Amino acid sequence: MSKAAALLAFSAAGVWAQVTAEFSDPSRPGTVRIERARGGVTISGAAIKNVRVLSRNRAEEPISIRESGNVLTIDDNGRGNDGDLVLQVPFATSAVVKTVNSGTIRIENLEGEIEASNVNGHILLHGVKGAVVADTVNGKIVAALERADPKPMSFITANGELDVTFPANLKATLRMKADNGDIYTEFEVTIRNEQSRVQNKRGQWRSETVTIGQVNGGGPEIRLQTLNGKIYIRKGR
Amino acid sequence: MAASDEELMAEVRAGEVRQLGALFDRHHAALFRYSMRMTGRRERSEDLVQEIFFRMLRYRETYRDGHLFVTWMFRIARNAYIDQARKGRFEIVGKEVAEPSIMPGNEIEDEQELALLRQALAKLPDAQRELLVLARFEQMPYDQIADLLDIEVGTVKTRVHRAIKNLRDVFFDLTGGTHALRTSS
Amino acid sequence: MPCEHLRDSLADYLAGALRAGEAKAVEAHLAVCEDCRSAVRVWQRLGDLSNLAEETPRRAMRSRFDEMLRRETRPPMRWQPWAMAAGLLIAGFLGGRFAVPTPATERGGEVAALRSEVRNLREAVIVSMLRQDSATERLKGIQTTATLDRPDSEVVAALIDTLRRDRNVNVRLAAVDALKRFASEPAVRRGFTESLAAADSPLVQIALIDALVESRDGQAAETLRRLESDDSVDNLVRQRAQLAVERLKARHE
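Residue numbers (our numbering), protein chains in the order written: chain A, 1 to 237; chain B, 238 to 422; chain C, 423 to 675.
Careful: at least some of the hints might be erroneous.
If we take Cβ atoms under 10 Å as the criterion, some of the chain B residues that face chain C in the derived model are [unchecked claim]:
no.: 1; residue: G303
no.: 2; residue: D387
no.: 3; residue: I388
To give an idea of the interface, some chain B residues facing chain C are shown, with a C-beta separation under 8 Å as derived from the structure [as the list claims (entries may be wrong)]:
no.: 4; residue: G258
no.: 5; residue: F269
no.: 6; residue: Q287
no.: 7; residue: K360
no.: 8; residue: L361
no.: 9; residue: G391
Residues from chain C that keep clear of chain B, each with C-beta distances beyond 10 Å, as calculated [what the hints assert, rightly or not]:
no.: 10; residue: K446
no.: 11; residue: A453
no.: 12; residue: D457
no.: 13; residue: D488
no.: 14; residue: E494
no.: 15; residue: S556
no.: 16; residue: D571
no.: 17; residue: E668
no.: 18; residue: K671
Simulated from the structure, these hints should not be mistaken for laboratory data.
As the structure is a computational prediction, the values presented were derived from the model and not from experiment.
Each residue gets a CB set at the ideal place from its N, CA and C atoms; glycine is no exception.
Here chain A stands alone, though its shape is the one from the complex:
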């Protein structure tokens, strides 16, 4: 695909339509940016050079795909529908995904950075290796990170739980806040801030304000925050 904008009109209802898009420099890791007003997005890493875009739209829907400077932008121009958009991308790709309604964001087996924003829907990340910045309003975030990228990260939702698994060798400063819920962790966390009222009973905290704690001596800050929901911080391998 050239740098010029391409317009795809996906055809009949219920049928998968597929198109292949190329990064201008496949030798370097690229970025996919997806912006939808509606509908889910699934991205999985694969041993491929190009990007495969599959769409299962219920109605005809023009989606524009542009490529510039190794950034592939897929945009539904604020329209969108309930169909899922499915992408297969090279492992090293970074992803910036945004949707608003009626859809879950799923990302798996990706080595690049991930920025995922939803409003009414979940965010599910599995087998990812890059730094994660994720937010939703009504939905949960479940993330399993395979590598502790030493960079700031952030996981926030308003109504839903956070369930995040980090590798055992994580070095980070956790900034945790669950206004109406408990926080559970399998890590040894050294609580640093004095002003928060923290009850520590069998690995469980209830935080009225923010709780800041260090894991393995501390490091870049990782924010974990929800208004209504519990927070689970699990220790992976």
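Here the structure of chain A is known, so what remains is to put chains B and C in place on it, guided by the hints.
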């Protein structure tokens, strides 16, 4: 004094896109009413209003000085509706609501009468329904409608006349032809 | 007058665009023509239909519009040429750590000048980090501001700009926390209030409400009250706003 629609739109075109927010506050309700009557569905109407403002922003360069903002806005609204309708995404509620059973001679309640009138409106051809929505709901003067639809003022009047009588006939069909309309309060 | 000839004037009559004399002529026809009379009644009832409350749009439409506007108008984020140079110079210096070593002893003006230069350079790096395309880089920029005890106004202004315009909710939320330290500055409190009026994320809204209460900003009361009475706003946020109004009032009495 508050800036006119035309002044605000000129600012939007010049890059002060935040001013579109003021135009949204002023006109989104009217566009929503228009969309409700054209699509018959709340969710579709909200989508359509969003699309209309998206197009106003994206095509802001096409707004010309000296033109009424409202006419330009409704021109965009019509095109947006036509584009969406062409994709077959809209259904009109009136077409799927069961025919009401009115016994001859029964008194029809005020609300029921308006519900029937809404159904009758939904059964009109798109062009007639649109014309009545603009002329009656939005109270747009005939010369503005003429400008918007790109037809003569006289043609607008003839079509309003025809549309209102057609609406009356469809309404009477729905009520079994026996009901005399209430006088407006 | 036969109905056919009445076409235009009936339409004008309906729109209320006839002069008294012309209107009288139409009314004379209406008195004898049931066909036209019923058309007039349909027109009148159509007016009643347009006044029905169910045609009112929901308030949530405004936040969807704001989101669209933000998406369409966010400035492209790029490295400034000067910032790029500064970034290269200092990249090894900052690395993944967030503390810059300070000399153990003062050795006169030369060292002081050097430190101030480094400080300015570091601030330039922070400002440029806040403009990065990567959200985690922007978070890093915000976290780095915590290592400065008194950042210059450019850094604070860049943080306020991030709070107002950053496309990512996580980054805006982090900006609120970082800015709390500087809440004694009126520009920061103004940034809080303005962002609160425009915010759509409940977490950012609550963080801003808490920040305003902590900074005892009495001028925020009106914004808080509007939030409290807006039924399109999340219930928890409205409760928090109500509490905030009371706490601010108690402090100012």
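Here is how each hint holds up against the structure:
A distance limit of 10 Å between C-beta atoms decides the matter here; for G303 (chain B) the minimum to chain C is near 24 Å, and the interface restraint is violated. Checking D387 (chain B) against chain C: minimum C-beta separation of about 18 Å lies over 10 Å; hint violated. Given hint, I388 (chain B) at the interface with chain C, is violated; its Cβ is 13 Å from that chain's nearest Cβ, farther than 10 Å. Annotation: G258 (chain B) was flagged as interfacial toward chain C, and the flag holds, the nearest CB pair being 7 Å apart, inside 8 Å.
Nearest Cβ of chain C to the Cβ of F269 (chain B): about 4 Å, under the 8 Å cut. The hint holds. The restraint placing Q287 (chain B) at the interface with chain C holds, with a minimum CB-CB distance near 6 Å, inside the 8 Å limit. Contact between K360 (chain B) and chain C, as hinted, is not supported at the beta carbon level, the nearest pair being about 13 Å apart and thus beyond 8 Å. A hinted interface residue such as L361 (chain B) counts as satisfied when its beta carbon comes closer than 8 Å to some beta carbon of chain C; here the least separation is about 11 Å, so the hint is violated.
With its C-beta approaching chain C no nearer than about 6 Å, G391 (chain B) sits inside the 8 Å limit, and its interface hint holds. Every CB of chain B lies more than 10 Å from the CB of K446 (chain C), the least distance being 19 Å, so the non-interface label holds. The Cβ of A453 (chain C) lies farther than 10 Å from every Cβ of chain B, with a closest approach of about 15 Å, so its non-interface assignment holds. For D457 (chain C), the shortest C-beta to C-beta distance to chain B comes to about 8 Å, within the 10 Å cut-off, and the non-interface label is violated.
Not every CB of chain B is more than 10 Å from the CB of D488 (chain C) (nearest about 7 Å), against its label as outside the interface. With a closest Cβ-Cβ approach of about 6 Å to chain B, E494 (chain C) is found to fall inside the 10 Å limit, against its non-interface label. With 10 Å as the threshold on Cβ separation, the claim that S556 (chain C) sits away from chain B holds: the shortest Cβ distance comes to roughly 26 Å. At roughly 35 Å from the closest C-beta of chain B, the C-beta of D571 (chain C) stays outside 10 Å, upholding its exclusion from the interface.
At roughly 30 Å, the least C-beta separation between E668 (chain C) and chain B is larger than 10 Å, which holds for a residue marked as non-interface. Its beta-carbon lying about 29 Å from the closest one in chain B, K671 (chain C) satisfies the requirement of being farther than 10 Å from that chain.
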